[in-house]
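Enquirer: Protein chains in written order, with our numbering: chain A, 1 to 383; chain B, 1001 to 1383.
These are computed hints drawn from the structure, not numbers from a lab. Since we're looking at a predicted model, the values are computed, not measured. From the three backbone atoms N, C-alpha and C, an ideal C-beta is built for every residue, glycine too. One or more hints might be untrue.
Rough simulated footprint, nothing fancy, chain B against chain A, three-plus residues with beta-carbon under 8 angstroms [stated by the list, open to error]:
{"hint": "1", "segment": "79-85"}
{"hint": "2", "segment": "91-104"}
Pairwise CB distance ranges (calculated) [stated by the list, open to error]:
{"hint": "3", "chain 1": "B", "residue 1": "Gln1303", "chain 2": "A", "residue 2": "His247", "range": "57 to 63 angstroms"}
{"hint": "4", "chain 1": "B", "residue 1": "Gly1351", "chain 2": "A", "residue 2": "Glu16", "range": "55 to 61 angstroms"}
{"hint": "5", "chain 1": "A", "residue 1": "Glu40", "chain 2": "B", "residue 2": "His1137", "range": "29 to 35 angstroms"}
{"hint": "6", "chain 1": "A", "residue 1": "Gly138", "chain 2": "B", "residue 2": "Gly1138", "range": "33 to 39 angstroms"}
{"hint": "7", "chain 1": "A", "residue 1": "Phe254", "chain 2": "B", "residue 2": "His1250", "range": "54 to 60 angstroms"}
{"hint": "8", "chain 1": "A", "residue 1": "Gly351", "chain 2": "B", "residue 2": "Pro1229", "range": "53 to 59 angstroms"}
Protein chains: 2
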Amino acid sequence: MTRVSIIGIGQTSVGEHWDVSIRDLGAQAVLAALHDAGIERPDALYVGNMLSGPLASQEQLATLIADWSGLRGIEALKAEAACASGAAALRVGYMAVASGLHDVVVVLGVEKMTDLDGDEATIALMNAADAEYEAIHGTTFISLNAMLMRRYMEEYQVPHEAFAGFPVNSHANAVYNPQAMFHQAITRETFVGARMIADPINLFDSAPIADGAAAVVLCAAERARELVPHPVRIAASSVATDSVALHDRHDPLFLAAVYNSAMKAYRQAEIGPQDIDLFELHDAFSIIAALSLEASGFAPRGQGTRLAADGEIGPHGRVPIATMGGLKARGHPVGATGLYQVVEAALQLRGEAGKNQVPDAHWAMTQNVGGVGGTAFTHILEG
Amino acid sequence: MTRVSIIGIGQTSVGEHWDVSIRDLGAQAVLAALHDAGIERPDALYVGNMLSGPLASQEQLATLIADWSGLRGIEALKAEAACASGAAALRVGYMAVASGLHDVVVVLGVEKMTDLDGDEATIALMNAADAEYEAIHGTTFISLNAMLMRRYMEEYQVPHEAFAGFPVNSHANAVYNPQAMFHQAITRETFVGARMIADPINLFDSAPIADGAAAVVLCAAERARELVPHPVRIAASSVATDSVALHDRHDPLFLAAVYNSAMKAYRQAEIGPQDIDLFELHDAFSIIAALSLEASGFAPRGQGTRLAADGEIGPHGRVPIATMGGLKARGHPVGATGLYQVVEAALQLRGEAGKNQVPDAHWAMTQNVGGVGGTAFTHILEG
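Okay, chain A solo, but in the shape it has when bound (with noise of 0.2 angstroms):
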């Protein structure tokens, strides 16, 4: 098997780009990430995006961006594992290389989700819960993680106040991103006081919808070296599932896809969460982030909001998290988040992430996920 390294990465900002059609955001990502490799034009475009259908009537996205971009003719096609098909992308994208099919290969993930009012968002995404059994009671994908946090707050014995480190810690590295989508910092008492949502989910809970795109070059590591001074390679990539539905699971609080997602992640790397100097994690809401910190090995059940409130989650903290502003703060555009996490952990091991630098950063680990935990993508990358 070929090992695979990222040559090439590019991002938009993240906000509202109502000035710009969903074909543009993809190519100013891709035409970005292929400038930064020095490539022209790259095999293929794998995309990954959840909702240009409902959103903007739009399939066949992959070969509409390649073709936009400057690179009609080439082999593209969608990936779509609900709000990680950014890293579903990936994984098509890790495999193509590995296989030796191709040479150079593009990702992106790429979402627009602003166009239509709020509603329209919220329907469409429940697109990721269970239609039949879940959708069908009225549930939104808010209301389903609520249930969740609830539940968890019950059976630890953990005040809803205990969270607050999360989006607190995202808020403070978004400051220093230019792509982010919010810059400015928040306090425990913005948090503690801030305007509940879905009971027990507040504003700073959830991650905001928003457009973007983000994307990464990929190509054979043993010809990274040559194309570009700081290649980093995917030394891991690993996908799990688990029901879609919530509660079809044996135990709601453990998110079964992401513990086997990242224990294959570190057989592959043959490393453990101990050498893991960076963690983008799926923090689309706060209970995800305390459970995917649990179930990665970071922390002891019923304990992953420990490591924020005792500050091990900052840059230079033991377990550096959202260290570029996470789904919280830089904004969650949901099919193009798992190729953010990819590029912003990429920018750390390059040296380049400015004031929100984690030092010495040598293993990144990326982990998108799709639905309330049922699909689990991890990525580890060396740098």
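Guided by the hints, dock chain B onto chain A, whose structure is given.
Expert: Only chain B this time, still in chain A's reference frame:
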């Protein structure tokens, strides 16, 4: 690179499956293919589907169907390339095994289009076109193909009835395919007298919308003979793209993506069109059948319909196509079609095609097209 073989096939009937949901339909084909291969638990499931979002409010479909098939936990993701989504999933599965990352994977194509009224499906299918430059003018997928057919008839001075051979052949073959949607043969007169849908496309020029699911099990070719008596080797897998919008092409009557994917496939398999014993092409419209034969090297430009007129496309002809009914008469559940083509080609290569058996079939080619030629996947199978 590991060589890849098909060791199991499964399919549901094509038609109106109002009694089952999309997850049931998909699981039926997955379990049939696993049973055929004698495999209990594959490493991954890749699902081709175009419309589960708009028509069933369900994404994260691959994870859902993996769980419903008793495979909770395995790797799963969905691939999309409009009407070529089935072949896109096959491409991903092929790369997963070719890379050595997985030993055994299942690839499923599934679509459920008849639960809502036909207008909903027509609107959703328009997502395959360019939303901002084609759909915005009120075109439908059928009217785009109608413009293409009109141009062909004008440019080459071909009368409409010259296309009769395609649906006549498809319907004749479907009679003996128990899984096909239609089991009634038609005559040239039926074709000529059929009601118009979008001039010059009449009822028998266009494939029906339908529900259906088809699946294959893949493993390394070197292991295949230990597992099953009649493995089918994937001798070539290729993809090429074009502009999504028809008007963006220099020459709309030349399907460049079809041409490029076919030529790449011939090179990979080290054979030419003269070696192909049967060709499951993408006859969503009879005009696409003609153009695909031309772009794939089976007929000179403007003469695709002659093959049909000369009786060369039947099971005993020189270029058998749509041997089990094709999209026209087996039915066209869009995201599933690419896998139906492969399952039917495998039946031919295993000598299990019954009354439609192509004698001494050794090489089969399948071709799945997204949009009006925007994306084309070509696979060559060796039996």
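Enquirer: Now tell me, hint by hint, if it's right for this structure.
Expert: Status of each hint after checking the structure:
For the segment 79-85 of chain A, the stated coverage by chain B is satisfied: 4 residues place a CB nearer than 8 angstroms to a CB of that chain, which reaches the threshold of 3. With 8 residues bearing a CB less than 8 angstroms from a CB of chain B, the segment 91-104 of chain A meets the requirement of three and the coverage assertion stands. The supplied range of 57 to 63 angstroms is met by Gln1303 (chain B) and His247 (chain A), whose beta-carbon atoms lie about 60 angstroms from each other. Remark: the range hint 55 to 61 angstroms for Gly1351 (chain B) to Glu16 (chain A) is upheld by a beta-carbon distance near 59 angstroms.
As the Cβ distance of Glu40 (chain A) to His1137 (chain B) is approximately 34 angstroms, the hint placing it in 29 to 35 angstroms holds. For the hinted restraint 33 to 39 angstroms between Gly138 (chain A) and Gly1138 (chain B), the CB-CB distance of approximately 35 angstroms keeps it satisfied. In this structure the hint that Phe254 (chain A) and His1250 (chain B) lie 54 to 60 angstroms apart at CB holds, the actual value being about 57 angstroms. In this structure, Gly351 (chain A) and Pro1229 (chain B) meet the distance hint of 53 to 59 angstroms, their C-beta atoms being roughly 57 angstroms apart.
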